[in-house]
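J.: With chain A fixed as given, assemble chains B, C and D onto it according to the hints.
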Amino acid sequence: MDLNRRPRLATAWLGGCSGCHMSFLDLDERLIDLAAAADICYSPLMDIKEFPEAVDIALVEGAVANEDHLRDLRTIRARSKTLIAFGDCAVTGNVTAMRNLFPLENILEAAYGDPAVVRALSAPPDPVPRLLGRVLRLHDVVEVDWYLPGCPPSADSIFEIITAVLAGKKPPGGRKFGC
Amino acid sequence: MIPASGNEDERLKALDAVMAGHHYSGHALIEVLHAAQKEWGYLTSGLMRHIARKLRLPPSRVLGVATFYHLFRFTSPAPHEAVVCMGTACYVQGAANLLDSARRACARNGWAVTTGRCVGSCGLAPVAVCDGAAMSRATPAALSAEMERKYDAANPGPRARG
Amino acid sequence: MTPQILARAREAEQDRQSRLRDRILCCTVAGCLSSGAGAVRRSLEQEVERQGLGGAVEIAGTGCMGLCGDGPLIRSSKRDLIYSKVAPGHAPAVIAGAHPAMTADHPFYKGQRRLVLANSGRADPERIRDYIAAGGYEALLQAVTRMTPDEIISVIRRSGLRGRGGAGYPAGLKWELVARQKSPVKYVVCNADEGDPGAFMNRSVLEGDPHRVLEGMVIAGRAVGAQQGFIYARGESPLAIERLQTAIGQARNERLCGERIFDTSFNFRIDLRIGAGAYVCGEETALIASIEGGRGQPRPRPPYPPESGLWGAPTLINNVETFANVPAIVANGAEWFSKIGAPASPGTKIFALAGRVARTGLVEVPVGTSLQTIIEDIGGGVPEGYEFKAAQTGGPAGGCIPASALGVPMDYDSLPAIGTMMGSGGLIVMDSSTCMVDIARFFMEFCMEESCGKCVPCRAGTVQMHSILERITRGEGDPRDIARLMELADLLQNTSACGLGIAAPNPVISTLRYFREEYESHIHARRCPAARCRMHGEAAA
Amino acid sequence: MSVHTLEIDGRMVTALEGETILAAAEDAGIFIPKLCAVEGLSAPGACRLCMVEIAGQNKLRAACLTRAAEGMVVRTETSALREQRKLLVELLLAEGNHVCSVCVVNGYCELQSLAAALDVDHVRFTPRYPARTIDLSHERFGLDHNRCILCTRCVRACDEIEGAHTLDVAGRGRTARIITDLAEPWGHSESCTGCGKCVRTCPTGALFLKNKPAAEMKKDSGFIRQIIAARREKIWI
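Same order as they appear, the protein sequences are chains A, B, C and D. First residue of the first sequence? That's 1 in my numbering, and the numbers climb one at a time after it. First residue of the second sequence? That's 1 in my numbering, and the numbers climb one at a time after it. First residue of the third sequence? That's 1 in my numbering, and the numbers climb one at a time after it. First residue of the fourth sequence? That's 1 in my numbering, and the numbers climb one at a time after it.
Chain A with its partners taken away, still in its complex shape (with noise of 0.2 angstroms):
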């Protein structure tokens, strides 16, 4: 890590519900000795568009659903140092996931019971993005550095395995799925 600046740390949410990102804010008063430890220049949470350059650590919430999280998590980690799987979504697929067990189609019908609304979605208009047949972890789609499991992850293992990186540390193992 370049020694001259603060580590930069981001965090990205793809195809999950953004509760690992509700618990990543139960940090709470460590938020602030998050904050001064590394530079946070990138979140949902955060009114930034681009995902920047040169990020040291990036937290990636959810599973790859459609094409958009497919460019933006490939994006990710090119522009990433470390790349952190973060919760169970990211892990394993999860509740995101569970769509992988019917037929794409099968789900929009249920979803839309409209075939007009279900054959739109299959060619959709910018800027919906197309939905991938199968949801992916990140690891189907890009080298992972670390894994976080837990639905959500809770914040006490979230500060642990930032802290460990920052540090150049393994982080601490035996993390459960679910919660």
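No lab work stands behind these hints: they were computed from the structure. Using N, Cα and C, we set each Cβ at its ideal position, and we do this for glycine too. Take the hints with a grain of salt, since some may be wrong.
[Unchecked claim] Per label pair, the in silico range of CB-to-CB distance: (1) B:Ala145 x C:Glu126: 30 to 40 angstroms; (2) C:Leu177 x B:Ala17: 38 to 48 angstroms; (3) A:Gly168 x D:Met12: 39 to 49 angstroms; (4) D:His188 x C:Pro238: 35 to 45 angstroms; (5) C:Pro303 x D:Asn58: 17 to 27 angstroms; (6) C:Trp311 x D:Phe223: 26 to 36 angstroms; (7) A:Ser154 x D:Met12: 33 to 43 angstroms.
T.: For chains B, C and D alone, kept in the frame of chain A given last:
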């Protein structure tokens, strides 16, 4: 395979004779299932319940055993059956293409296409068995033609070609 | 049956056959039957009748003469000639001896030594008299009336016979283990569940010479002190089952099995058990579970079957070819047998030679014959325009032998040293048109379908290995896939509960050892060197 | 009854004649991972998690099936064994449809806690997403095949303890599944006594009590030991 003829009572009698021959021992379950399938062509829940009672076995055990083995079937057999041998020798000689074409052909005319493990004719690979008759050094075209021919022979009269 | 009656029956049948002008034997085994041997036999019978040769020329069935690829095969006993590719229209010429024929110095037969298949092509498997005329049941007579159980076991031990089922465990040791058990009830089981796809050795022996197997089993029963034998046959081989049923009935009628064999107090009953399609039942504890009427799931070992097998009783399990070797060993002695083949694995081995080779069929050679001799001299090499790539032995549990190892002697020790195994005798030749990754995928699919599902590494591990291999052959492989395959291979070998799971990774390990570049080409260049695999995005061939 | 002394992970441990390595280790407070073995039921040796190294033997042995012997030196925890166990757990997680966050036994699941104990924080293999069914026909119990790992504890408890043999395994390999009677809906079962032993001994959320909140879905196979003690040794409390 067409189930043996005869009425229900006669079949049951034949099955009971097989069970009696094995002294109604649970050890004979597989033999008894073979005998039942020979009589009826496939195994129904009713048959398996009957066997379970007679051999004094839990029903779940009877179904557990029956479903463990490939040869037992639980639905009535299709009128025509083609088996493409998927033994190594046949595979190396192109059985996968044979299977593809048989599956396409079967979509057109009531055949059930299954795969077999090795019919003992590796020297004549690839082999397919149509309604019990083996075809050696089979080609996709020859197999589809044979399936059409057998279908037409069994279903005389005009029909729409698919 | 008494010793005198056996001798008289033998002489009478030999005499009868010698007085015939000719005895024409038609192959009645699966291979030739599928190329029309049934119709040929009927036309020969009609021709004999038409020419009024009823008492002079006899048409009979016989076992496999080997060259299945050139079937139907017919043999004239008097002329000692084999006719190949015979059609029904050839009947008059065959009877007249005017049909073109092969002789014993045909390259296919030259390198062979037919002990187990001695009667195949010479005797009718459906007639016990034929077997007796060929000296059958003489060994049993000796074993029952002139030898003690210890003496029989000593002969088998000294002969060096190794189990022909795959691993080559010394038969004598196994027999001794069972004989030593103090138990009033013991069993002898013949494992005829030949499930290896691409192997039909056992099936041909059962279809072509069933009495040889029965005789071997009864001798084993006498040696180990068992009164009951079971043959576990494949439900998929109806002809073998039919022949066995006929043979058992005949032997029982002649008091060669059943009660008071040769008028002694020795009883040995043989029953047939018919499998219902499960490769895993070739594993001996699974086979036991299946004979007992259960799901064919392997049981934990120890205890091993010689101590606790069928219904907890000591049980001797050997395969068809092992039992088929026994009568000749007992009749001719251990020394005679131990001089055939390789010193550490004497005798012969039957291979089902198939795949990309000119002459395909059943081949019996002295153990230790080189692979090259089998493929090139006996088999006539790979088809023109192609290049030998590998031979696969041992089926889904085995591995491949690359061109650089063509000189390997086919025996129980040399093959494991190069990463494969003898197996039950499947020998598939592959050439430049065969993709080795696809072959690995093919065998993994087989193991996945045949896994009993009890233990996790085999049930779930084969699924994952198969999915990785499938991905590679689709051209969607990941650079980490080879490492993942090896990691899973290691897991299956170390933790699977039975031989199926332990051996399932073998074809992958073996093809990775010799043909790693084919995997790499699929993964990195998205190209199948054999042009076999349909790569992602490529148009259908 | 004779007693053997053996060494497990460097500790001297005693075992009764006939006792398995697994039982001897557990008596001594040494935890060997397992999902199929339950004290009091026959051991199928199915999950292969309890494989251990025994000095002088070149093959690994399942601790649940191997009898402890005098002088045996056993290692239950080496890095190689740990890696194997992780792989086995990953295989199980990829095989079924295990979604902890929506599972009734979330927090009490043996597979979930074993994954955490072994540091399985992700699964490298491709999830299979098999199409499996849920049987809710029984008035009190549910059977969710998506979460079943085929440990067969339920089958053995039903047969060996309750004696009903309602449950068994049908099919084989990847299509193997738990059935009730002739694979009819559980609620129609003629042989089921409704005792619930299967549910209590199930290590995952495959068998569960209906209309119970997740927080009360705690399971415990200890009752089997209790029943055995009562039956064989007439010890009730």
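J.: Now tell me if each hint is right for this structure.
T.: We went through each hint and held it up to the structure:
1. B:Ala145 x C:Glu126: 30 to 40 angstroms: Once the Cβ atoms are compared, 35 angstroms apart, the range 30 to 40 angstroms for Glu126 of chain C and Ala145 of chain B holds.
2. C:Leu177 x B:Ala17: 38 to 48 angstroms: holds, 39 angstroms
3. A:Gly168 x D:Met12: 39 to 49 angstroms: holds, 42 angstroms
4. D:His188 x C:Pro238: 35 to 45 angstroms: holds, 38 angstroms
5. C:Pro303 x D:Asn58: 17 to 27 angstroms: holds, 20 angstroms
6. C:Trp311 x D:Phe223: 26 to 36 angstroms: With Cβ atoms ~32 angstroms apart, the hint holds.
7. A:Ser154 x D:Met12: 33 to 43 angstroms: holds, 40 angstroms
Checked against the numbered hints above, the structure violates none of them.
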